[in-house]
Amino acid sequence: MEMFLVFVGNGVVIGSIYAMLAMGLSFTFSIMRLVNFAHGEIYVLGSYMAWVVITKFVANFWLGLLLAIVVGAVLGYIIERFAYRTVYQAGYLSQFLVSLGVVVILQEAMRVGFSGLTQTCPTLFPTVRVIGKFAVTDQRLIVVGMTILIVAGIFLFFNRTKMGKAMRATRGSPLAAGMVGISVPRMRSVAFMGCAALATVAGALLAPIFSFQPFIGMRYTVVAIIVIVAGGIGSIGGAAIAGYALGIIESLFAGYLLGQWTFSVGFFILIVVLKFRPQGLFGKERA
Amino acid sequence: MRLIEANNLTKRFGGLVAVNNVDFYIDEGELFGLIGPNGSGKTVMFNTITGIYKSDGGKVAFSGEDITDLPPHKINAKGIGRTFQGSKVFLSLTPLQNVMVGRHCRTKSHLGSALVRTGFSRREDRETEEKAMHALELVGMGLVEAKDIPVMALTYVMRSLTGIAIALSTDPKIIFLDEPIAGMNPTEITQAMELIKRIRDTGITVFLVEHNMKAIMGICERIMVLNMGYKIAEGTPQEISQNEEVVQAYLGREYGAETKQG
Amino acid sequence: MRSFMRKKGFAYLVGVALVAVLPHLIGLAGSAWMHTFVIVGVYGILTVSLNLIRGYTGQICISHVAMYGIGAYGSALVGIKLGVNFWLALLIGALMAGMVGLFIGWVSLGLRGVYFAITTLAFLRLIGAILTNWIGLTGGEVGLYGVPRPSIGGFVFEPTNRVAWIYLAFGFLILSVFIVDRIVNSRMGRALIAIREDEDLAKSTGINTFNYKMISMGISSFLAGIGGGLYGAYMGTITPADCAVIPSVMAMAGLVMGGQGTMLGPIIGSVFVNLLPELLRLTGEYYFIMFGVIMILFIIFLPRGVMGVIASLRARLRARTSIKEVGV
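Residue numbers (my numbering), protein chains in the order written: chain A, 164 to 450; chain B, -11 to 250; chain C, 43 to 370.
No wet-lab data here; the hints were simulated from the structure. Please read these numbers as outputs of a predicted model, since none were measured by experiment. Any given hint could turn out to be false.
[Claimed, not checked] In silico PhoX-like pairs for lysine-lysine, Cα to Cα no more than 25 Å straight-line:
| # | chain 1 | residue 1 | chain 2 | residue 2 |
| --- | --- | --- | --- | --- |
| 1 | B | K119 | C | K49 |
| 2 | B | K119 | B | K161 |
| 3 | B | K62 | A | K438 |
| 4 | B | K161 | B | K47 |
| 5 | B | K76 | B | K119 |
| 6 | B | K66 | B | K42 |
| 7 | B | K135 | B | K119 |
| 8 | B | K62 | B | K119 |
| 9 | B | K62 | B | K161 |
| 10 | B | K62 | B | K42 |
| 11 | A | K438 | B | K76 |
| 12 | C | K49 | B | K135 |
| 13 | B | K135 | C | K123 |
| 14 | B | K96 | B | K62 |
Could you put together the complete structure from these sequences and hints?
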């Protein structure tokens, strides 16, 4: 029983990250119908940002997070404005290729800037707390805590703020949104900035827990993709829930069975979901 | 037996009820019209019957057979053909090629006969081209002359006509026309009206959605009126034009909304 | 068959003749290019099959290169571990690729456009991961070696015998083109093209789009598997490197550059993808970036590829001639 809880606990931590990655990607998918393959690379960059701050400047995790957010938002703006904006009308294949160009550029930039070696970041919250029957580091608690805050923040944003509602309108129909005075280009910028910032924050949060290197991004992009498609096309909440579910199931699988084949768990879930509920667990649109 | 019979047909999008418990029927050989202000649910109704949308309630029967929620290709195979609003056609293809696609559900050649061309498949391909030409000729209005020009180079009206020809070549028992005369000038409209009558005279029942009052009143024998998802009237053109609710629906929506609470 | 021969027989004859003299033409440029051309031939089978699912059925199938890999691994494994005759192994490998393709299709083809594309991306990575991790079966990152050679009668197709391999590769290439050609110009082809042009309209016109997409997927995957099996036998070793995103992009970009939805386009695409980097290598270190730039320029300015340019030129010539005739 103890082991079970430990695994679930790990799963919640990982699931938080999956949830954040998936939500960010879901933003851009539903609002811009855009394939952003560089998502994983932006996540990795977030890890590097935290690492840079903590090891090169001030040993302050929150500053690291802050830098991650800022870099994420700025990078998101740049990518949207200069790479993706040129291909909105051009069809999926062109978007795909541009997206891949961004991937390669980011990977190379990180390799040149930080070296291609695997990197680890020291944790500033190593204190282990004992909660009930199991022990958990503060760092992990922070990860989960921050994610919950962020998820709540996102829901508030979409439901209570003017800009959030404007974004939902844009998602439904960019044409109609434009006609009621919503600046669709600005919505896209903001959506992408938000998506990138979510990715970098996730990276920063996990930097002290998992090692990273410039070429590891695709793995996370694929996870985000699986979570979005299984969790529900068009549903950001669904993405969050599915992210946690996947994290927990993967963790249980890795704990009780073969760690090496853990990556296949997501695919099984995806296949099963797609066959029994093609629009995803919480999906609104029929894909 | 009625050709089409719908009972309590309902379609919702989230909180919005686009088609609300609509009953209607169409008899064989009729020229049946559907009108209503913008947003009243006409195209949604078409789409729900032809399988593009899943219904949220009610049933539709075709010659007595329940066809509710069948996928579009099966609906077409049963004998319901349709056009789409906005001249939806296969853009890179010519009208002739477009219409040849329409013959698909009435032909059989498969992968095997693609690789090893049998006598059967060759004959079938020839027949496909002939029947496609028939459909083009039935529509007329310049379509035959333009049959080898890629549709994307043709006008909006020509594309609409191609759409009608595609639907015709599927050998339907009834054809659903969704605003076929949009974008036509008065001469074309007159010709299109003749075309619709011609189609009916070949034995195909017609279910017509249109905005153009004069046109629809001019040729339909019976008309149904939708407003905000509800059926508010049904009858001959004369009865409809004198129906107060219908008039209010078009002229003064506040009046219509007030009486329709609940 | 007769009418086909009349219309296209000549083209195929020219093709076969070209292939017959190809080794000698290449020999003139230098025997170093012979190897590249064998690859062009085998890779061409990949692009021709990709063209079926992409150019004619309109689906963006990012997992397609994995079918090449599965064909390679499948036929190699069956040949190495079970000692099966090469041709049978090739067939089995291709069938395996076909089945995997069908499975991926069965799972994902209900999804539209972008969502189908990203799901196939996920599957591409999955296959790559399986090939890398199942060390017992596939030898992991190091891969397999000692792949058996094809042989007819007593004659063995040694990879060093470039001329024989050019004939073998291009022979299969022409066969693949023939198969795709027949499919595309049949009732089935009309259905696929309709799906490409407008899937909703195709559905309402009586076409069971899911089934047709599946068939297209299966055949494309099978053909790609044949290409992969040949590739494996030629190279002698195979690794999971082909089952990655960059190779997948290259294949698609090649197809776009050559001209999607045409018969010759994918062959030109194979030439681009395999020949151009080699040619550019002569210009110095940054050849890969230059290649990327050329790719991007093509996609922005010439989205219909080389065949598209040829088609526009033809149309312009025709227009000019008819204007002359009318005396304008």
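Is B/K135 close enough to B/K119, meaning Cα to Cα at most 25 Å? holds (14 Å)
For B/K119 and B/K161, compute the direct alpha-carbon distance and say whether it is at most 25 Å. holds (16 Å)
Restraint check for C/K49 with B/K135, where alpha carbons must lie at most 25 Å apart: The given pair, whose Cα atoms are some 21 Å apart, holds under the 25 Å limit.
For the pair supplied as a hint, B/K62 and B/K42, is the alpha-carbon distance within the 25 Å limit? holds (14 Å)
Does the alpha-carbon distance linking B/K96 and B/K62 stay inside the 25 Å limit? holds (15 Å)
Could you grab the alpha-carbon distance between A/K438 and B/K76 and see if it respects the 25 Å cut-off? violated (30 Å)
Given the hinted pair B/K76 and B/K119, is their Cα-Cα distance within 25 Å? holds (21 Å)
Are the Cα positions of B/K62 and A/K438 separated by 25 Å at most? The hint holds at about 21 Å.
Hint check: B/K119 vs C/K49, CA-CA at most 25 Å. Holds or violated? holds (23 Å)
Distance restraint between B/K135 and C/K123, which requires alpha-carbon spacing of 25 Å or less: Violated: B/K135 and C/K123 sit about 58 Å apart, past 25 Å.
Are the Cα positions of B/K161 and B/K47 separated by 25 Å at most? holds (19 Å)
Between B/K66 and B/K42, does the CA-CA distance stay at or below 25 Å? Since the Cα atoms of B/K66 and B/K42 sit roughly 18 Å apart, the hinted pair holds (cutoff 25 Å).
In the structure shown, a violation is registered for the earlier hints numbered 11, 13, in ascending order.
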